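A.B. asks: One letter stands for each residue in the lines below.
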Amino acid sequence: MSGLVNMGGLALMAAVIWWFWLAGKRKAVKASDGIIEIQVANGVYTPDRVAIPAGKAVTFRFIREDPTACAEVVKFDGLGISRELPLNKAVDLSIRYDEPGEYAFTCQMGMYRGQVVVS
Amino acid sequence: MKDEKHKSTTLKIDGMHCASCQAPIVCELNKLPGVSGISVNLADREVYVEGTSTDDLLIKAVADAGYEAKIDRTDSYQDTDKANRDYYRHLIRNTTLALAVGIPLMIFGFFEMTIDPTWTPLRWFWLSTAVATLAVLIIAGRQFFIGAWQAFKAHSATMDTLIALGTGMAWLYSTVIVLFPELVPEIARHVYFEAAAIIIGLINLGQALEQKARGRTSQAIRRLLDLQEKTARVVSDGEEIDVPIGSVVKGDIIRVRPGEKIAVDGLVVEGQTNIDESMLTGEPVPVKKADGEEVSAGTLNKTGSILYRATRVGADTALAQIIKMVRQAQNSKPPIGKLADKIAGIFVPAVMLIAIASAMVWFNIGPEPRAVYAIVTAVTVLIIACPCALGLATPMSVMVGIGKAAEAGVLIRNGDALQTASQLTTMVLDKTGTITAGRPEVVEVIAFGDKTQSAVLALAASLEQGSEHPLAQAIINAAKQRQAELPAAEAFEAIAGHGVRGRVDNSEILFGNHKLMQKFSVLLDSHSLKTSEQMAEKAWTPMFLAADGQLTAIIAVADPIKEDSVEAIKRLQADGLEVVMLTGDNKRTAEAVARQVGIVEIRAEVLPDDKKNLVADLQQQGERVGMVGDGINDAPALALADVGFAIGTGTDVAIESADITLMRGSLHGVADAIEVSRATLRNIRQNLFGAFFYNAAGIPFAAGVLYPFIGVLLNPIIAGAAMAFSSVTVVSNANRLRFFKFGSDSS
Numbered sequence: 000m001s002g003l004v005n006m007g008g009l010a011l012m013a014a015v016i017w018w019f020w021l022a023g024k025r026k027a028v029k030a031s032d033g034i035i036e037i038q039v040a041n042g043v044y045t046p047d048r049v050a051i052p053a054g055k056a057v058t059f060r061f062i063r064e065d066p067t068a069c070a071e072v073v074k075f076d077g078l079g080i081s082r083e084l085p086l087n088k089a090v091d092l093s094i095r096y097d098e099p100g101e102y103a104f105t106c107q108m109g110m111y112r113g114q115v116v117v118s
Numbered sequence: 000m001k002d003e004k005h006k007s008t009t010l011k012i013d014g015m016h017c018a019s020c021q022a023p024i025v026c027e028l029n030k031l032p033g034v035s036g037i038s039v040n041l042a043d044r045e046v047y048v049e050g051t052s053t054d055d056l057l058i059k060a061v062a063d064a065g066y067e068a069k070i071d072r073t074d075s076y077q078d079t080d081k082a083n084r085d086y087y088r089h090l091i092r093n094t095t096l097a098l099a100v101g102i103p104l105m106i107f108g109f110f111e112m113t114i115d116p117t118w119t120p121l122r123w124f125w126l127s128t129a130v131a132t133l134a135v136l137i138i139a140g141r142q143f144f145i146g147a148w149q150a151f152k153a154h155s156a157t158m159d160t161l162i163a164l165g166t167g168m169a170w171l172y173s174t175v176i177v178l179f180p181e182l183v184p185e186i187a188r189h190v191y192f193e194a195a196a197i198i199i200g201l202i203n204l205g206q207a208l209e210q211k212a213r214g215r216t217s218q219a220i221r222r223l224l225d226l227q228e229k230t231a232r233v234v235s236d237g238e239e240i241d242v243p244i245g246s247v248v249k250g251d252i253i254r255v256r257p258g259e260k261i262a263v264d265g266l267v268v269e270g271q272t273n274i275d276e277s278m279l280t281g282e283p284v285p286v287k288k289a290d291g292e293e294v295s296a297g298t299l300n301k302t303g304s305i306l307y308r309a310t311r312v313g314a315d316t317a318l319a320q321i322i323k324m325v326r327q328a329q330n331s332k333p334p335i336g337k338l339a340d341k342i343a344g345i346f347v348p349a350v351m352l353i354a355i356a357s358a359m360v361w362f363n364i365g366p367e368p369r370a371v372y373a374i375v376t377a378v379t380v381l382i383i384a385c386p387c388a389l390g391l392a393t394p395m396s397v398m399v400g401i402g403k404a405a406e407a408g409v410l411i412r413n414g415d416a417l418q419t420a421s422q423l424t425t426m427v428l429d430k431t432g433t434i435t436a437g438r439p440e441v442v443e444v445i446a447f448g449d450k451t452q453s454a455v456l457a458l459a460a461s462l463e464q465g466s467e468h469p470l471a472q473a474i475i476n477a478a479k480q481r482q483a484e485l486p487a488a489e490a491f492e493a494i495a496g497h498g499v500r501g502r503v504d505n506s507e508i509l510f511g512n513h514k515l516m517q518k519f520s521v522l523l524d525s526h527s528l529k530t531s532e533q534m535a536e537k538a539w540t541p542m543f544l545a546a547d548g549q550l551t552a553i554i555a556v557a558d559p560i561k562e563d564s565v566e567a568i569k570r571l572q573a574d575g576l577e578v579v580m581l582t583g584d585n586k587r588t589a590e591a592v593a594r595q596v597g598i599v600e601i602r603a604e605v606l607p608d609d610k611k612n613l614v615a616d617l618q619q620q621g622e623r624v625g626m627v628g629d630g631i632n633d634a635p636a637l638a639l640a641d642v643g644f645a646i647g648t649g650t651d652v653a654i655e656s657a658d659i660t661l662m663r664g665s666l667h668g669v670a671d672a673i674e675v676s677r678a679t680l681r682n683i684r685q686n687l688f689g690a691f692f693y694n695a696a697g698i699p700f701a702a703g704v705l706y707p708f709i710g711v712l713l714n715p716i717i718a719g720a721a722m723a724f725s726s727v728t729v730v731s732n733a734n735r736l737r738f739f740k741f742g743s744d745s746s
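Protein sequence lines, in the order shown, are assigned to chains A and B. Going by numbering that gives the first Met the number 0, the first residue of the first sequence is number 0, and it counts up by one from there. Going by numbering that gives the first Met the number 0, the first residue of the second sequence is number 0, and it counts up by one from there.
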């Protein structure tokens, strides 16, 4: 019995590490017409991975549906952009990264997390 | 508050892309009774309608034009407030429900918590409790479970994950015990329904309190937003009509009466008045305004009725720019918060690992009932961990600190500037316009030979007409006061750090400082040198005028020291800053000014280009240098300084130019900025320390590391309470900054 529990525990730990840190990331969504609409609800940005070309500005349209205070600001790493997101109101942000790479966009507390894949 | 007459409605219109789309919409809306004004924002596809028309009529009118409109009710913070209030009530309802189930269960549990394998009434009771608690989880805790699942699908883990796992595990374990008690030894047959329900209740309560406290952190920006007028009284064809602010265009003539606010930026064209600009500049004394002078949106007209012409409207007004900048700055993060951000990114999965590891340790080497201890410690670890407190520590303090500074007329560009300002060791002050009023006046004219005072002033003023030097205007004004004719100057040349030269009335004229005379070999006798020294001792700036190589006059200009400079410099020194005065003026004058204001360290006769080098020198000596200047002439030095302070006069400031902009001309603003930035950083450190310490101590305690030594294990309910209130504590501590008092009464 205890062997089984220990095996289960270790497997669970491995699963946590794999799923949250190592597992293949979801495919990044590309912006159509230079606009990508991102829903802010239930603790996640949807989509949470967005592909944009380097050196070209893309409009990120955030629509916050989550009334919790956590969701009220979105900020972009390396751009110094941070904006308040009023509830149920579209907020357009023009995002442009010149260097290819992966950049995070998060809420103030880093709980809502998304990635911009620049190529 | 919006009254019925001036109700403003924002319509979101899909498909309205261009001016030709907007025309039929505006036309249809205009047909409606009660519509008093319409303005269109194509970029956001929004139409703002002023008037008494109903929402249904507005939507129908847009539909008649062939478009679909939605009423946007979140266009102002009043609407956001309502949404927040609704959400607060929702959280309190959740709290009440969860605690109404959890607390009686907890009290009952003091007497009886174990399960009998036979279907006794008590076991039936526990089964119905399982259903009741499940209802609590579904009704009052639904958001945590949905959030956790959504995050899980995205390979991400959040606060919701921890709460859902903790309470879900407590409920699941208890339900298994009720249904299959024989699976575990009798001693392990404890149920934890009360823990699941109470934790859900406490976390809802924590979130509700946090919501309340957060509202107060944005008080400063709300005060600024409240300064924006909704309507302006535009004068058109001799008639005065109230129009919505969005419809005012540049060039409109606007009437403002005593007690009313200025609606947009403009220039006074008729009348005179006193205007209270304290809300923007922190300057308590109302400012006199007459023909040709600027008035700023949001300021309060005190005494007279004036007409002014709109020069900047909408997003271009100084008030709109201040609001934009304060908002951006409030949401930016100083470097001190970066570590917490990094930790927050990996925090939740790490806590999950710790929870599993601690359960395994208890299961393998813990006392009986091992299974219970394993579950309880895992639940407690999951529940006590609070990444929110870490994440909130910095932004909440920044929000309040930057808002507090804005109330005193100090605009801090971003979190970086805030943090660096708190670490400055040296403050370089440019003399003219910073320590002094920047309004130099001619105080003495000594003419030599047969020239009159008017004649020498006229010569000097002729040359200075082409100069941009601050002293030039003083010379020109003095000549004009004496009604002197200003002959035209030819071959004008400004020699930086020296003065000017040119030809006037066929004479070669030099006008400038001692160095200029030396450069062109003009002989200064001992009497004139002594005279100039005496002038400098009085903190005046002596300037020499030479015609065809002969000294013709000495003109002394004085720039009065601002009333509060002495006091403000004392504050900076008391704050531990080395204050350095910088000036292009001669050494004696500089020393005299420095003596009067109590500055020891001075750099005089500095050429404009050298200001930057001086800042660089100080930085090389290991100082962290703040530089205060007018933001125009000192731009390179301001940019190089660790923190550049642009000192403004009234609301006419180039907000974009510096790390910190002082809306009023007083040096107290610099001291205010230093003090509020230090207070904010201190507050952030307290918050970060609290949040780190809370998690670093709480998680091991929850895992039971103290149990082998003192036999104490944390109850999951206590963990839930600690977690729920850790965020509230952080926000409340940040709110303390609202009561921060600046060192000067004038703030």
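Some hints here could point you the wrong way.
Unchecked claim - Lysine-lysine pairs mimicking BS3-like chemistry, simulated, CA-CA at most 25 angstroms apart:
1. A:LYS26 with B:LYS211
2. B:LYS518 with B:LYS561
3. A:LYS74 with B:LYS518
4. A:LYS55 with A:LYS26
5. B:LYS537 with B:LYS514
6. A:LYS88 with B:LYS337
7. A:LYS74 with B:LYS337
8. B:LYS69 with B:LYS229
9. A:LYS55 with A:LYS29
10. A:LYS88 with B:LYS59
11. B:LYS518 with B:LYS586
12. A:LYS88 with B:LYS740
13. B:LYS211 with A:LYS88
14. A:LYS88 with B:LYS514
To be verified - If you want a taste of the chain A side facing chain B, the calculated C-beta under 7 angstroms gives, among others:
15. GLY2
16. MET6
17. GLY8
18. ASN41
19. GLU64
20. ALA68
21. MET108
No lab work stands behind these hints: they were computed from the structure. In this text, all values refer to a predicted model and were calculated from it rather than measured experimentally. The C-beta atom is built at its ideal place from N, Cα and C for all residues, glycine as well.
A.B. asks: Which numbered conditions among the earlier hints are violated in the structure presented, ordered from lowest to highest?
C.D. replies: 1, 2, 3, 6, 12, 14, 15, 16 and 19
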